[in-house]
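Fit chains B and C to the given chain A structure using the hints.
In case you want the letters, here they are:
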Amino acid sequence: MFRYLVRRFLQMILVFVATTFIVFALMYATGGDPIQALAGERPVSEQQRAQLTKLYGLDQPFLVRYWNYLTGLLRLDFGKALNGRDVSEIIASALPVTAKLALIAIITTIVVGVVAGIIAGVRRGSIFDNSTLVLTLIVIGIPIVTLAPLAQYIFGIKLGWFPATAAGREDDIYALLLPGIILGALSVATAMRLTRASFNENLRSDYVRTARSKGLPGRRVIGVHVLRNSLIPIITFLGIELGALMAGAIVTESVFNVNGIGFNLARALRTEDAPLVVGLVSVLVIIFLVANLIVDLLYAVLDPRIRYE
Amino acid sequence: MTDIHVETERVQGHHLLEVKDLFVEFHTRDGVARVINGVSYHLDPGETLAVLGESGSGKSVTAQAIMGILDMPPAKIPKGQILYNGEDLLKMPEDKRRDIRGQQISMIFQDALSALNPVFSVGWQISETLRTRMGMSKADAMKRAVELMDQVKIPAAKARLKDYPHQFSGGMRQRVMIAMSLAMDPKVLIADEPTTALDVTVQAQIMDLLADLRRDLNMGMILITHDLGVVADVADRIAVMYAGRIIEHADVRALYKQPAHPYTKGLLESIPRLDDKGTVLKTIKGLPPNLMRLPTGCKYHPRCPYTQPICVSDEPRSLNLGNGRTSACHFAKEMLSGELG
Amino acid sequence: MSDFETVAATEFHTAQPGPAGDVNAPSQPHSMETQKPRSAGADAWRELRRKPLFWIGLVLALFALVMAFWPSLFTSADPQTCQLSRRMAPASGGAIFGFDVQGCDVYAKAVYGTKNSLMIGGLAALLAGVVAMLLGVTAGYFGRWWDAIVSRVVDIVLGLPLLLAGIVFMRRVANAGGGANARVWALIAILGLLGWTTAARVIRSSVITAKQQDYVHAARMLGAGHGRIMLRHILPNALAPFIVIITMALGAFIAAEATLSFLGVGLIPPSQSWGLSISEMYPYMRENAIPLAVPSAFLALTVLAFIILGDTIREAFDPKLR
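Protein chains in written order, with this note's numbering: chain A, 1 to 309; chain B, 1 to 341; chain C, 1 to 322.
Hint data in this document are derived by calculation from the structure and do not stem from the laboratory. As the structure is a prediction and not an experimental result, all values here were calculated from the model. Warning: the hint list may mix true and false statements.
If you only want the chain A side, here are some residues facing chain B, beta carbon under 10 angstroms, derived [stated by the list, open to error]:
#1 Phe16
#2 Val17
#3 Lys80
#4 Asp206
#5 Val208
#6 Arg209
#7 Thr210
#8 Arg212
#9 Ser213
#10 Gly215
#11 Pro217
#12 Gly218
#13 Ile222
#14 Pro304
A virtual CB, placed ideally from N, CA and C, is assigned to each residue, including glycine.
Bound conformation, chain A alone (with noise of 0.2 angstroms):
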């Protein structure tokens, strides 16, 4: 167990730093002019040019900044945005907010998707089973950048259930609410699909037979026997899935104005602000990793047979 922590953390660290160099790489190692590329189509005065060159250290080479960098995300430094602000100062803002939405995201996914997906499961070829299986299709079939702005036009206008736009309301979950729902559906198909998958296959091994032949009733097999062998590729999901949903928040935090993550990222690819693109980006490659390796160790966990050398 010992020797696989260390060689996943260590594979880790390589997923890490290639990424890392690779955005880094991206966004300031132009061939042209880096101060041009760092404020992107905007005319640079000399002035400002030579304030940029000071604060990105423009005038290091570019495995040294690269290495500046490195350390910096090390510290929890991510450098400073256009405008003077710490990125960290905005991250640490804005993660609480984009953190709530995939909680409210992965809760709506844990009710509607796992619970449906069990259903569809066990009731194997019933009408429940055949609709929800189009009904998640549909909502796996549409994209994100449709469905949030139809959600916010028919519950948000239209209807007036829900708030429009949670700007300025991050505080309040009410106004959060659609927006997570919206950024959790597609994950609610992918889940029910998931648990109905692997409920259909654990209820036809042999061991669900024998514990039938225990006499044991049939709520019991199929929620403990069952649920316990199917929770393991659910919650697997569920864990990678929180890390993804950090980032696929993009387009849900813009329709709905929530000022987290997504947004920040959104409006800083608007303004061209790259140091703050960059950290933004960082920030969620380290989530979307330490969430993978956090479901790697959960994985040995709950799966028995699973040794890791």
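Below, chains B and C alone, put in the same frame as chain A:
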């Protein structure tokens, strides 16, 4: 299709377990497979009945019908009775039937690795029914689980209580399975190919264990197997199945001495023997029949070396040959007297 | 953005070849003379034919394809001629959905947007498919250090969520001053080069499974070369999951293009694209939702078509689901 039931039946009282003229079909998209076509057999306390047959002969399906663990649909039982102490299991409400499952009749399966739940410890699985059905405390149930593991001769039982199925060897895993099936002191134990997945040496140990347990606990045991070699030492009686019917039923010694059905004879001849060095081993030609489209007449006629016109046209009734012996062959008497073959 | 991959990959895990019978079903020996041997492909086709969902997906996809190649069949209007005097004007004549905020024909714009969406999705899927095939097959077949390298590269690419990577790469392209056309090709390259990982993993594992089969050992012992073994014995096994993942990837890439365009790092005018239209019309949603709804519907139906196709094909190839 009426099998005349063997007349060892007691005049008064009931058999421990009795299957009467049972039919099972599987309704699939490609058609109806008639898997069991009028099977009857019985079992008394303390005896072992071996049910012998190729895969697809219906031996396991019959056992699953007794246990009530067939998936219906696709399975359907259009006809028949399964009597436990005289009561028809097929007519019982589900919860009453569930009380019998595991407590009165329990079953062990071929592949213990897949038959045990991979994510629960063996102690947990053995004690599960004790906790949930017998109302034992967790500690008592675990104590009993250790006793059961000792009883099936698992070394260092107490230390292995918390281990998972994949941490055991094949033979030990099958012992865990047996311990689990004995947890509620069943009166009938159905062993479905309990040694098929094991090494030959381990096979013998498991068979000995089962024989000992059956004697010590005075259970009735149904031993399902495709291996004639396995049954000779442990079984009292043998029922040979083919295409969902019992084609021969006899006392073990009698059957080995002189089979009364060409199929049984073929099976006996296909066992390699130490004393026939150099002779070519006989096999039964052809394949088992397609259950969707069974042949006319005797189901064995396409493969039988003695086929006569009557075998193609008429299905043979189960002939009573005395001493509890039956055979579903038009020429059973000739077979028995050695005039044929 | 990678949810389709999770669906495709996780559900394929359950569909490994092997004894797939119901535990309770009797083994059904087939007598030789009556049963025609059926290939997996023919079986799958028989299964697919009777699924209405498959036909819906196929018709929608073909419809989109025709619209991409011959947009003039569907509208005589030119999407580029816009008159501010017709700003948000209601439907008239050929403009069945009216006009948008710039006075462009909403319907014509959506029709002409099909080409870019399908081209980007299709070519990116093709590129991803080729990369996945090459790396997946060779990694699975040769193993050793090559497999280790490919697996690490997969890890790294998976470490960057597709959308984030797309943002970073496309921003770089924008800074390099690429025009509208250059961005189309950049998008294809980026999506293709980032989106091959799941397909490669699936191919790799089915190649490893196939490699251990006895018939492959037999072929090798009979002196078949690496190329022949791969082409004749190993690739056919990987084909079904490959087709499914690439079909679904096509849908996902179309959605990714729209998302990147929506965020302002995808296509730029004068390119026509649904994502671009959505991005342009979204701020005016409260005033008039139709110019937003039309490209959204086109986008959703097209993506849906490919997801449905992929999903129904996957089900047809999965014997356990029957």
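Status of the hints after comparison with the structure:
no.	hint	verdict
1	Phe16	violated, 32 angstroms
2	Val17	violated, 36 angstroms
3	Lys80	violated, 50 angstroms
4	Asp206	holds, 4 angstroms
5	Val208	holds, 9 angstroms
6	Arg209	holds, 6 angstroms
7	Thr210	holds, 5 angstroms
8	Arg212	holds, 5 angstroms
9	Ser213	holds, 5 angstroms
10	Gly215	holds, 3 angstroms
11	Pro217	holds, 7 angstroms
12	Gly218	holds, 9 angstroms
13	Ile222	violated, 13 angstroms
14	Pro304	holds, 4 angstroms
In terms of the numbered hints stated before, the structure departs from hints 1, 2, 3 and 13, listed from lowest to highest.
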